[in-house]
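Given these sequences and hints, build the entire structure.
The chain contents come next:
2 protein chains.
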Amino acid sequence: MNKEYILVTGAAGFIGSAVANKLIDLGKSVITIDNLSTGDKSNLNKELVFFEGDVFDTNILDQVFKYNIKAILHIAGQSSGEISYDNPIYDLRSNTESTLLLLKYAKNSNCKKFIFASTMSVYGEQETEIVDEKSIPNPISFYSVGKLASESYMKVYSKLGIDCIALRLFNVYGPGQNLKNLRQGMVSIFLAQAFQNSSILIKGSRDRFRDMIYIDDVVEAFIKSIKANVDFRIYNVSTGTKTTVGDVINSINAMFNDNLKIRYEGETPGDIFGIYGDNNLIKSDLVWSPKINFKDGLSNMYNWIIDNKIYDL
Amino acid sequence: MNKEYILVTGAAGFIGSAVANKLIDLGKSVITIDNLSTGDKSNLNKELVFFEGDVFDTNILDQVFKYNIKAILHIAGQSSGEISYDNPIYDLRSNTESTLLLLKYAKNSNCKKFIFASTMSVYGEQETEIVDEKSIPNPISFYSVGKLASESYMKVYSKLGIDCIALRLFNVYGPGQNLKNLRQGMVSIFLAQAFQNSSILIKGSRDRFRDMIYIDDVVEAFIKSIKANVDFRIYNVSTGTKTTVGDVINSINAMFNDNLKIRYEGETPGDIFGIYGDNNLIKSDLVWSPKINFKDGLSNMYNWIIDNKIYDL
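Respectively, the protein sequence lines represent chains A and B.
The numbering of the first sequence is the working numbering, which starts it at 73 and goes up by one.
The numbering of the second sequence is the working numbering, which starts it at 73 and goes up by one.
No lab work stands behind these hints: they were computed from the structure.
Each hint should be verified, as a subset may be incorrect.
Copies of the same chain are indistinguishable here, so a pair counts whether it falls within one copy or spans any two.
[To be verified] 30 Å max Cα-Cα, derived DSSO-like pairs, lysine-lysine:
#1 75 / 100
#2 231 / 275
#3 206 / 231
#4 227 / 275
#5 299 / 75
#6 275 / 179
Below you can see the structure in the form of structure tokens.
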């Protein structure tokens, strides 16, 4: 009668679908809201209760909150710094107003747990290469300003009785990533080029670096956050290691027997040179640690592409 | 034909009307948007081109930007931390989405100058009593989160060619302040009580303090910002001195021949104990300095109340 549900927004997307699938494997009942703008209907687990639309649409939220929701994992949203320049207002609604609305509905419905997919890009331009949760945010895109504001709204709501965790996701990659979207995701963009053209064009220096975190490790961070007993926390979800663009390219090229044609040219506007994330806080609070190194993760992703015939050789 | 206008949002309000009046005195053509939600139609200067509605209403913005707008002074918005808890979504739209929209219209219309009424409350809880523009913001209300996000959006737009200044206003008081709104403005709340009841009830300690800045000094900061040659700046608009609640009460009581009945009781939730603002940056950049001390400012306000028969003795 009064069955408990977990609301995972964006379960047709890369990260949202992986989190929803895992929860369903664990025997949980899961509801999602997804507008299918970048997510794909085929990603939706058949066990999901699915509402199609925007998370900032109160008509949809009114429907969803008729269910007994005990936790919200807010993963939906416009997810690219570059794309946020196309329509900053949509970015604000989709990433910030949606958060504020979900928190309001949580409060009115007695849901006490809110977990948010934030981003390493709230750090923006930093003086140091390694950042921890005490580093002062310096957002430089519409996307990152809106994500940071969402975190701050969560802090306000945590004082009104809702336990909130913001997971600052670093560079997520792995099976399930959208290989048709060539505007976001360094690994997916490079892999798509490799499979399609047997060549990779890199905009910017090979010495730039990222902190590459595998999708399964990200899922585990969300799952562990549900059970965490904290009123408000921000966690880096990262490996704590640098992977340079050159490393990424070499690893991909090796999988293609070093037969790819590699070109470096120009740069991406607003691109950061690199930061990586200290992950000691989430390690100690949630007993979480990244399990998959970059080479293994990339190999899994390659096999997933072949097995699912997304591209062939 | 192609007459230049300055857009002052919120010109029916306390600060907006003072700024608009000054610009009109200086011979400028001024347009305003005001939804009259807290402002008063009687405050609207007759020389203004007036659009009634919300600043986040694109139908209104489409009309306004048919004029040749050379500078935007964005002063409209929900202006109370306490009231932001009543409707956080309205606060976000009115203070943050409005800013983002105005910046977008500015960019599309070639307006290169944007000045924003920000607030000292972006500092929130601080370790020190005095704050400068390098102090790390720690907003603790919906209102202050939204104002800080607006500042960050301005920073993004400053890199797209619009010169932006955020004025962090401290505790503004003076003639024109709304004495019927008993939820915001320490001086106006105390004066209203003194005139109405010959008594003042103070919620919280007499040792709390504020940085009281007179309306004419605030107006001058806006006027000087229009001519400033900077791409992005944040300025404290403050006196750099503390005025305690006890000082405010004593000064008011003196004007009533020490005949007021004064009671201290309880506290206001979320109230800060006190910060005051270092104003050296605006002093050196804009050759601005506060001209009116608290006693003179309060006396002017008292006389304005009597002269305008808002209350009588």
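Each hint tested on the structure:
no.	hint	result
1	75 / 100	within (10 Å within a copy, 64 Å between copies)
2	231 / 275	between (44 Å within a copy, 21 Å between copies)
3	206 / 231	both (20 Å within a copy, 26 Å between copies)
4	227 / 275	between (37 Å within a copy, 25 Å between copies)
5	299 / 75	within (18 Å within a copy, 62 Å between copies)
6	275 / 179	between (45 Å within a copy, 27 Å between copies)
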